[in-house]
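Trainee: Sequence:
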Amino acid sequence: MGSLGRLAHLYGWTLTLLAVFCQRCQGSCPENDLEQREEEANVVLTGTVEEIMNMDPVQNTYSCKVRVWRYLKGKTMVNGEILLDGGNKVMIGGFGDPGICDNQVATGDTRIFFVNLAPEYMWPTHKNELMLNSSLMRITLRNLEEVELCVEVSQ
1 MGSLGRLAHL YGWTLTLLAV FCQRCQGSCP ENDLEQREEE ANVVLTGTVE
51 EIMNMDPVQN TYSCKVRVWR YLKGKTMVNG EILLDGGNKV MIGGFGDPGI
101 CDNQVATGDT RIFFVNLAPE YMWPTHKNEL MLNSSLMRIT LRNLEEVELC
151 VEVSQ
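In our numbering, the protein residues as written are 1 to 155.
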């Protein structure tokens with residue numbers, strides 16, 4: 001086998017290993033379809049992460065203060081006790097939760113958030129907090145249109 005043949009052989013193996021690795025990555029964190037994610041979330045909003053706080057070193061989870069840009073679903077569920085800093089920010093917890101696939105953010109990230117009110121068993125630590133319900137979505141025109149369509153269909 002010449003140099004070109006060996007290079008092609010190596011390239012083929014590299015692609016095969018990459019494909020296997022990607023399948024394992026996807027398989028280790030299955031995600032529900034968008035319709036189900038939207039139905040399971042009581043609140044869907046777009047917002048920008050302003051501050052990361054309440055790091056839990058045992059659970060490796062954290063909460064974030066998020067500036068809300070738009071409610072796509074459930075605005076009436078977010079009352080005065082949950083609203084922060086004049087009513088345009090909320091606290092969202094559950095970042096780092098191993099049960100949620102895409103759940104890591106940095107300050108300044110703008111995303112679509114699928115959340116629910118923190119259940120009573122999480123109080124007082126997470127009282128008046130929203131909790132991530134499923135993976136975050138990047139804000140693109142297509143993603144916004146798909147989420148809005150899901151919200152319209154379910155109402």
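Hint data in this document are derived by calculation from the structure and do not stem from the laboratory.
The beta carbon of each residue, even a glycine, is placed where N, CA and C say it ideally should be.
The reader is advised that the hints may include incorrect statements.
As the list claims (entries may be wrong) - Quick list of the computed label-pair ranges, beta carbon to beta carbon: (1) Asp33 x Pro124: 14 to 24 angstroms; (2) Met55 x Asp102: 15 to 25 angstroms; (3) Trp69 x Asn128: 31 to 41 angstroms; (4) Ser154 x Cys101: 17 to 27 angstroms; (5) Pro57 x Glu35: 13 to 23 angstroms; (6) Cys29 x Met55: 39 to 49 angstroms; (7) Val58 x Gly86: 28 to 38 angstroms; (8) Glu39 x Arg142: 33 to 43 angstroms.
Trainee: Now look at each hint and say whether the structure bears it out.
Mentor: Okay, the hints, checked on the actual structure:
Between Asp33 and Pro124 the CB atoms are about 35 angstroms apart, so this pair departs from the stated range of 14 to 24 angstroms. Between Met55 and Asp102 the beta carbons are some 19 angstroms apart, a value that agrees with the proposed interval 15 to 25 angstroms. Restraint check, Trp69 to Asn128: a C-beta distance of roughly 20 angstroms breaks the suggested window 31 to 41 angstroms. Under the hint 17 to 27 angstroms, the C-beta atoms of Ser154 and Cys101, about 22 angstroms apart, fit the expected range.
Separated by about 36 angstroms at the C-beta atoms, Pro57 and Glu35 break the suggested range of 13 to 23 angstroms. The given range of 39 to 49 angstroms is broken by Cys29 and Met55, whose C-beta atoms sit roughly 22 angstroms from each other. Remark: the range hint 28 to 38 angstroms for Val58 to Gly86 is upheld by a beta-carbon distance near 33 angstroms. Checking the proposed 33 to 43 angstroms range against Glu39 and Arg142 shows it is violated: the Cβ atoms sit about 20 angstroms from each other.
Checked against the numbered hints above, the structure violates hints 1, 3, 5, 6 and 8; every other hint is satisfied.
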